[in-house]
Structures are given as C-alpha cells and as structure tokens.
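**Q** Chains as they are written, first to last, in this note's numbering: chain D, 1 to 277; chain L, 1 to 277; chain F, 1 to 277; chain C, 1 to 277.
Just so you know, the hints here were simulated from the structure itself, not pulled from any lab data.
For glycine and all other residues, C-beta sits at the position ideal for the given N, C-alpha and C.
Some hints could be false.
Some chain C residues flagged as far from chain L (calculated, every beta-carbon gap over 10 Å) [as the list claims (entries may be wrong)]:
1) 30
2) 65
3) 95
4) 159
The following label-pair restraints were derived from C-beta to C-beta distances [what the hints assert, rightly or not]:
5) 34(F) to 224(D): 38 to 46 Å
6) 134(F) to 134(C): 13 to 21 Å
7) 93(F) to 255(C): 46 to 54 Å
8) 37(F) to 208(L): 29 to 37 Å
Number of protein chains: 4
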Amino acid sequence: MCRWLAYRGAPIRASELMLHPEHSIVAQSLDSPMGAETVNGDGFGFGWYAAGDGRGAPGMFHSVEPAWHDQNLRDLAEAVRSPLFFCHVRAAAGPPIQQTNCHPFRHESWLFMHNGTVAEFGQLKRELVMAVDPDLYPHIQGTTDSEVVFFLALTLGLRTDPVAAMSRAVGLVEATGREHGVAFPWQGTVAVTDGSTIWAFRYSSQGRSRSLFHSTDIATLHQWYPDAERLKLFSDDAHVVVSEPLNDLPGAFVEVPEATVAVLDATGYHHEPFRPA
Amino acid sequence: MCRWLAYRGAPIRASELMLHPEHSIVAQSLDSPMGAETVNGDGFGFGWYAAGDGRGAPGMFHSVEPAWHDQNLRDLAEAVRSPLFFCHVRAAAGPPIQQTNCHPFRHESWLFMHNGTVAEFGQLKRELVMAVDPDLYPHIQGTTDSEVVFFLALTLGLRTDPVAAMSRAVGLVEATGREHGVAFPWQGTVAVTDGSTIWAFRYSSQGRSRSLFHSTDIATLHQWYPDAERLKLFSDDAHVVVSEPLNDLPGAFVEVPEATVAVLDATGYHHEPFRPA
Amino acid sequence: MCRWLAYRGAPIRASELMLHPEHSIVAQSLDSPMGAETVNGDGFGFGWYAAGDGRGAPGMFHSVEPAWHDQNLRDLAEAVRSPLFFCHVRAAAGPPIQQTNCHPFRHESWLFMHNGTVAEFGQLKRELVMAVDPDLYPHIQGTTDSEVVFFLALTLGLRTDPVAAMSRAVGLVEATGREHGVAFPWQGTVAVTDGSTIWAFRYSSQGRSRSLFHSTDIATLHQWYPDAERLKLFSDDAHVVVSEPLNDLPGAFVEVPEATVAVLDATGYHHEPFRPA
Amino acid sequence: MCRWLAYRGAPIRASELMLHPEHSIVAQSLDSPMGAETVNGDGFGFGWYAAGDGRGAPGMFHSVEPAWHDQNLRDLAEAVRSPLFFCHVRAAAGPPIQQTNCHPFRHESWLFMHNGTVAEFGQLKRELVMAVDPDLYPHIQGTTDSEVVFFLALTLGLRTDPVAAMSRAVGLVEATGREHGVAFPWQGTVAVTDGSTIWAFRYSSQGRSRSLFHSTDIATLHQWYPDAERLKLFSDDAHVVVSEPLNDLPGAFVEVPEATVAVLDATGYHHEPFRPA
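Construct the complete structure from the given sequences, taking the supplied hints into account.
**A** Right under this line is the structure:
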C-alpha cells in the first residue's frame, strides 16, 4: 500500500536518495513499478537523525500535499545531511488523509514505518488498541493500523528487544485476526530504528509479502561499476533497505527473503529468519 | 476554547450569519470579545442540511486554514442556502490541528459541536473511549475530547432521547473524572441536531460555563427596530443559538442560563434545566 | 495535462458525474486511461451555478489535497445540486501546487478551465500578461498559462462574443509564440461558460489536440439502453462535455473533432469549426 | 502587517529564537504586543543557511497552517542548527493565503522578508512588475507587494550593492506611488541577506515605520545579567534583528532608528542612514 526507504551510513544529503535516483522514493510516489498500487499519493514522511546526535529524537516532516511537487519536501531533502533517515510515501485504503496518518511514526527516539495492512482492521482495531499500554495509549494520534502496531510493539518491549517485540506484536495481530475469522491478518514490511540500528521486517500471514530489497555492498559495486559517478557519493559503510530498487543497475539491489528480519548496524548488513510469537 | 453558531428557520444564505454580521463566527475566529481565547484559529467547520431534505445526512466542510481568509469557506457560505446549519471555530489546546478534529462532528444524520473541555482528558481518554459502543468505535476519526463525548452520547441513546443521552454522557465524564481526582471534569456548551430540532446544552461541573446566547424573537426585534435592514433577511421563525452575540444591537441576544438545555424546534425556542445523570 | 468535465441540464447532484461513474472525474485524477498523464493529482476544482440563479456568480471549491480521498470534495459533490457545473483535475508541469492554480478560474459570473499548455510559457509569459487589460491585471492570482489565457480572452471580448474572443486569444498566443521561435505554441481543450451557455474548444497549433468528447442525446441512449438504471438520473436535456468518456457504454460519448468549438445551450448540443484569429 | 526575525552568529538551534523565548516569533504569530495587528496567522516562513556552506542556497520551509500549533515547524526548528536564519509570520491584507506568499522569499542564495506594505498596491502593481528585469520576471511566484519589491531590488543591483539597490527600489515605489496620487507609498522594515551579511532597513514614506530592534551585545548582557541561563546559549558574536523584543529583559533590545539600514556582519552590528534614491 506504500513504499519506503531507510538509510544508514556516513551522513549524506537526503536528496541523493529521496529525489535524485531514477526510481527515487519521490518518483515512486507517482509511479511505483513494483508497488501494490502504482500511485502513492496519500502523504509523505521523512524522519532523520542529526549527525553525531546518537539516539536523540529525530527530526520529522509530514505532508499530505502531492510529494512529487512538494516544495518544502524538496528544500528539506536538499538541506538535511544525515547518517540515518527514513522516508515513506503512502497509498491509503481510504480517508482520512492527514499528517498524523503519515509514516514514519515517532516515539521518543524511535521511528517506525510500514508498507502493508492489518486485514479487516475495522473489526480488530478496538481489541488491538486495548492491548496498548495505557500509559502509551494517549500518544496515539492517527487512525492507521500501522501506528497501532507500533504502539503494540512499544508495549511489548520494542525498546529492549526489537525483534522479539515485533514478533509478539505481529503474533498478537495474527491471533486477534484469527479469532475474528480473518484468514491472513498481517501483511507487510516494517522498518524500525533507535537512531543507531535499523531492523527491517518482511513477513505476511499468507507468505506473500510486499517487496523488500537491500543495497549491495558499496565496495563491491565500486568494483563492478568503476565509472559510476553516483556511487562515489556513498561511503563504504552506506546501506539502504527499500521497498523496491532505486535504479536499474543490475546487481545493485538484492531481495530480502520472505519471513526475514534484516539488520543494519555498525557491522554492516545481515539478516535472520523472522517468525511471529 | 471555541465559538459556535446554530441556525434554524426558513432557508437563508449561510453567509448572512457566518460572514456578514459585525461579530460573525468568522470574525470571532480572529477576535472573539467574550471567548476564553481571543483567537479561534485552529480549524473551522460548517455542516448544513438541504432545504426539504428532512433528516438526510448534512453536507460538511472542514478546514484548518485561517478561517478569516479562507476562500473556499467564503464561497461556500455564499453558495449554500439552508434551513438548519452549524458552524464552529476552534481554539485547540494543542496539536494535532487536522480536519478530523474540526467540529461539527457527523454521524449518520446527526451533527454535534462543543465549546469547552474534558479536564485532564489525557488521563481519562482511554476509559471514556472504552465506554463507546464497539460498533461505533471504529467511526471515531480524530483525537478530541469533544468527539469522544459525541460517541458516548450516541452510545447512551442520543438518537432516541437526546437530552437524556447527553445527561448520561456528561454524567459519565463527571464520574470518570472524579474517580481520577479531577475536581471539575466537564466544561462547555454543546449543540446537537438531527436535522430538525436543535438541542443546546450549557453546563459545567464548576457552574461557570462558557457563554451561550439565543436570539430574540424576530417579530419582537422588528417591532423594536423597524428600520433595521438586516432584520428583514430573517423569517419570523428564524432562531440562532450562539456562543456570543453576533452584533451590538441591544436586546437582540439573550443569555442562556447555566445548567440549561435550550431547544429550537417548529414551536420556536424554549429551555429547561439540565443536570448530568 | 489535466482532465475536465462540464455539465448542463436539469439540476442534478454533482456526485452523479464527479464521483459515481466508472471513470468519474475523481477516478480520472488517480487513473486517466486517455490522459497525456495517467495521474492528475495536482489539484481539484469545482465551480457550480445555483438552480434558478441565472447568471449569478458561481460557487467554487479548490483543493490541492489528493482528490481521490478528499472528504470535503466528496461531501460537497453529494450536497450540491446544480443545472450547470464545471470540474477539473490538474496534472501540473511543476510547482507551485496551490489553490490559485486550480481550475476552473472565475471572473464575475464566468468560469474557464483548460487541459493543455502554452509551450515555452516561461519565455512568453511577460508579453502575454502585458497584453491583459490593466484593469483586469490585478485579478490574476496564480501562476498558470491557463489563467493568463482566460484573462486575455476577457480582455479581447469574452463577455460579448466568446468564440471570437477565444479565437483572438489563441491567435495572440500563436503569434507571440512564433515570434519567439516556438513551433506549436498552443495545445488544449478549453471550457468557458457564462452560467447559461457552455462553449468548449478543441484546438492545438500542431493539429493533435487533447481528447474531448460530448455525451450522446439522452433520449437516444434511453432507446438504446432501456434497462440502464443510471441513465434515468438524467433529464432529456442533460449534456456533458468531458476530456474522456465517463463510462464504457458503447456509443454514450462521441468525440468532438479537432479545431472545433462545441456549444451547449437551451437548444441542445451543436458544434462548428474553430480557428485562431 | 507581519513580524520577523533575523539571526547571525555561531550556529544555534533555531528553536532557541523561534520557539522558546517569551515573545518568540511563533508566540508573536498569536499575540504580537507591538504589531500593527495582534494576530499574524496568515503563513509562516523559515529560511536557513547551513553551517560552513558560505553563500550556498538556503533551506526553506513555508506553511499556511497556524504557526502556533504547526508540528512540522516545531520539529524543524528543533532539528536545524544554523549560523544565519530568517523567520517571518504574516498578517495578510487579504487572500490568497498560500505558501508562495510566505516570506522569506528566495532567489539563488539571497533571502528577503518584509513587514509592511506598498500602499494602493492594486493600482501600482502592473507598473512595478513591468520594471522587473524580464529575465527575472518568470521567477515571481506569488501575489504580494513584498515579493515584487524583492525582484525590483534584484533588478536594480541587489547582488552587487544591496543598500543602493534597496534605495533605488524604494525610490521607484515612492515615485510610482506619487504619480498615482498615493501620499505615503512605502511602509515597512525589510531584511535581506546573501548568507553572510544581513542588511535590515527601517523606512516609511510617512516617517512612521513599523517597529524594529536589534539585540544588545552579548558580552554586555553577560555583564549585566551574569545569572541569566538563557544568555549562555549565545556566542559572543550572536546578533538578532527583530520586529519587537523577544523578551522583557530591560536593555536586551535596542530600537533601530527611523530611516536607517542596520548591518550585521563579521565585524558585528552597525547602522547608517537610509534614504530612497
């Protein structure tokens, strides 16, 4: 239902990933070759950490104007240099289209974004919201399934063990859905960060998840494409996880397998199996 | 925290009350002489019933642009002629400022708007939301205390006995608040309509409610002010309930007493005491 | 670059053409099968005349939120019944995306909307704007080529002879363009109305104009499709001119020829050749 | 008609001036003690230069949502650290309220903002716009008098001699106004920067200009108020020029005289007389 991108590496100008690539996230807002929907025009979000800020709260920009012509977004993407940022374009199932329904969602120093859906959310919403920690509950600001799952993950330990917490949160969605007779309650890819590590989850109850890719090692790409000018923008430790490839360079992006959590941290990229609790 | 206006009578152009009076509701958005806040610049709403439509669902326009210069609002107010309409300007305690937080709120053919507050709403919200009928729960779209009280009233019988339902809803707010140690849980004036009758409530736990006025009988005003040109716009059965007088004409508006429900229907204006259940 | 629709006939609920058809103008905002662009997501406009109002100034609503999920737009389209209205979805060449760049444009009781472009407008703009009547000049509010052509047409006699004025305006665009070495200065379809007659122009310097269709006579359609429920909504004198067919019913829409002005008035639909002066 | 602030010094978090002071520019948007209007709710703008970027193009954010509750604005002000930035809240004479009418205006690496008015601008606009360099003309995006004066100044040499160019631009406004019988054509304060030096002009044809202040030397303030915690945020070379004092600290702000240009550069603050050419 959406498209997203998460970057980790040496600080770069956000526009190098958000605006300038052939299939940049902003280009995908108008035309997403691999998306469940072609147009992702129901809101944009950008969350970024300052260089050197450690786990401080990230900056955030949300807009419901068409991303492809949003002047604030273009200016901001050119002005911000960051070592870790998320961006997201939304294709909503329906209204309300509002800033509080734009991803990424933020709580303290954490960011969360999602491409996918809780099936039959209208039926399940009340039960899932009730499972949110009452102290966290008043911080829910929008109406999306995604934000509720973020707050479930926070309730279930995101801040101490993100993979286990996401496993419990998705498990709770599946259990609740099945109680209501929903065959495939969860669909999607999720990115979560504390400002230092990025965890990216690809999982769906049906085993047919939305697309997810990670970038090939920059050192490898330099060897393969010694003349590629744009590659010189990126540090050796630069990594991207993204809903679909940002360009048509063969080998530049590799699919993240089904039922997997991909991790980007100071040691680089690795992944492991993911299963709901 | 807000200002509102409710009209019932022969169909008139909405601009005659929303834009043209000296202290029109749009003028009050920038400068409200009697408001708890001078500026009510956090969103505007207009809900109107079509002439002859009976209890059909009302039209609705919500905007968070500054009301005093909103071109859509001006055009709409000039274009719409209606026998019953609500409008509201909001002064929010805080973000999010979004259309789904603008009054009036609508459910089926009903409209609801509020000037006031549930004290310490952050503490009480979860408990109050849990008291909403689970079938109605997914229809809550914003984050305000006011919308939750509307859904509580719907849960507690608004569609069959509006006065009793509001009495139960405010009673529930007061009971819940007091359990949490809140001295004065409810404050405000509320207008509710089914498209035919308007009920306007003025009540606060502390007995110091936001201001509320109703218009003097037009026939009486014609006698008092035979030369007043603007009065000729209004039918003999035209009535307004409003947060504060729309003009400085002595006697044109009369205060609605504390702890009162004012009723506008085909028989004219009357009021009776209101007390939470 | 855009898609538009103009209706004339007995008053109907605007949603019957804007929202409910298979390829309604709102559906075309997200997916236009015949458009130069698939997505027309850069603003929406709706201008309507009141039943019985003669040539009074039309109501107007402009928005830059995504049309396909705009709640205000949906509510307004359901609430307004009108005997003559225009609506338009925009695909902009670039920013700024703002309400003052949304069609239709209005001056006094006239409406104007356009699908197309003045080629190399940046080069020609100053000269064209200078040709606008100085008394009209301060009323230009946006930055589009379309609005400038509207003001040129007003300058050149739109209010007394619309076809001659449009012929002079397009002729001036072509002459100015050619002086600057632009091979094909004008492209597009235009609709203009005074609230009573609709004139729709299809012309491009290159002879390859954007698509334009008019609806087949309702009486004929009733004969062809006696069981079509939706057709019963429309009066015998109902006519639509539209960028592309609103449904897939064979024969329901007929192409307006190149270099033509189509006219809808009390006598029905007819067309004649159009040539720039 | 507006309020503005310009900062130059060591990089600071923009929120320290935009959000946190007692009479911050955002606080002034809702309540400006010394403004010609109390409410400046018709748009917000923020333009900032990156640390170490020299004269690169500044970042920019414009919004027409109420500044006092705009979440994007708050987030951005907390996230941006800058050695030179402008911010502005607008009180418009009328619509359109749109981002392209928000100050500061930008051209290449220059920023410009204005508090005041060209009297009878509707009458003078065409003549003034015609005096803009035809190559610059297509870059005008909004409808304000202020933006036209910026483009006149660019036309008349802003990039080589800002004081002389502003003198010529204001002189042209005055000459044009007087030809049209306007007694006092120019009113206001203006700030201009190339990213290194700030020039702030206070001048009106009537000799009764909008208020303007500059901050007292930080070293002096440290001596006067050794215990003031907030002062420690500011470097010794930090300077602000602002429509009105940001706090009530006696002596912290000093009025800029009538008919004066104040200059902030690497040598600190100084001012000299300003007279239109």
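**Q** State for each hint whether it applies.
**A** Going down the list of hints, with the structure as the test:
no.	hint	verdict
1	30	6 Å, violated
2	65	6 Å, violated
3	95	5 Å, violated
4	159	34 Å, holds
5	34(F) to 224(D): 38 to 46 Å	42 Å, holds
6	134(F) to 134(C): 13 to 21 Å	18 Å, holds
7	93(F) to 255(C): 46 to 54 Å	47 Å, holds
8	37(F) to 208(L): 29 to 37 Å	58 Å, violated
This entry does not satisfy hints 1, 2, 3 and 8, going by the numbered hints stated previously.
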